[in-house]
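Engineer: Start from the sequences, fold in the hints, and give me the full structure.
Residue numbering for the sequence shown follows my numbering, beginning at 860 and increasing consecutively.
Fair warning: there could be bad hints in the mix.
As the list claims (entries may be wrong) - Mimicking DSS-like on lysine-lysine, the simulated pairs with C-alpha atoms at most 27 Å apart in a straight line are:
hint, residue 1, residue 2
1, Lys951, Lys903
2, Lys952, Lys903
3, Lys960, Lys937
Since the hints were derived computationally from the structure, they do not count as laboratory data.
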Amino acid sequence: MRLLLIAITSLLLSACASQGQVDPHGYHAEGQASYYGARHHGNKTASGERFDQNALTAAHRSLPFGSRVQVTNLRNDKSVVVRINDRGPYAKKRIIDLSQKAAEQLDMLRDGVVPVRVEQLAD
860 MRLLLIAITS
870 LLLSACASQG
880 QVDPHGYHAE
890 GQASYYGARH
900 HGNKTASGER
910 FDQNALTAAH
920 RSLPFGSRVQ
930 VTNLRNDKSV
940 VVRINDRGPY
950 AKKRIIDLSQ
960 KAAEQLDMLR
970 DGVVPVRVEQ
980 LAD
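Structural biologist: This is the structure we're talking about:
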């Protein structure tokens with residue numbers, strides 16, 4: 860029984876670790892997030908790849924392309940890990956634009972704009 864408990868605990872911890880660890884020296888910010896979806900689907904992003912509203916990606920003004928960040932909806936504490944592949948947002952007071960898939964996981968589709976915490980993950 861003890862061995863089973865240890866195995867389950869290890870499995871749960873490894874699943875959490877696969878999401879990435881927040882980089883204590885990386886980017887951390889709180890502000891507003893919005894999302895962009897169907898209208899931009901298939902258009903080229905600033906990184907040169909095509910925007911996929913069903914991928915876990917985001918636009919940020921300055922983080923390097925390929926950076927992974929954890930975004931937490933401060934209204935419900937739901938989090939998602941996204942990869943930066945575009946530039947933006949261009950609306951003032953917003954710090955990140957998310958794909959529709961990421962917005963779904965944060966349960967923010969109805970609100971459209973929500974307060975978030977953005978934390979860069981270690982490579």
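Engineer: Please go over all the hints and tell whether each is borne out by the structure.
Structural biologist: Status of each hint after checking the structure:
A distance of roughly 23 Å separates the Cα atoms of Lys951 and Lys903; the hinted pair therefore holds under the 27 Å criterion. Between Lys952 and Lys903 the alpha-carbon distance is near 24 Å, which keeps this suggested pair within the 27 Å criterion. With a C-alpha separation of about 13 Å, the suggested pairing of Lys960 with Lys937 holds against the 27 Å cut-off.
Hint violations for this structure: none, all hints satisfied.
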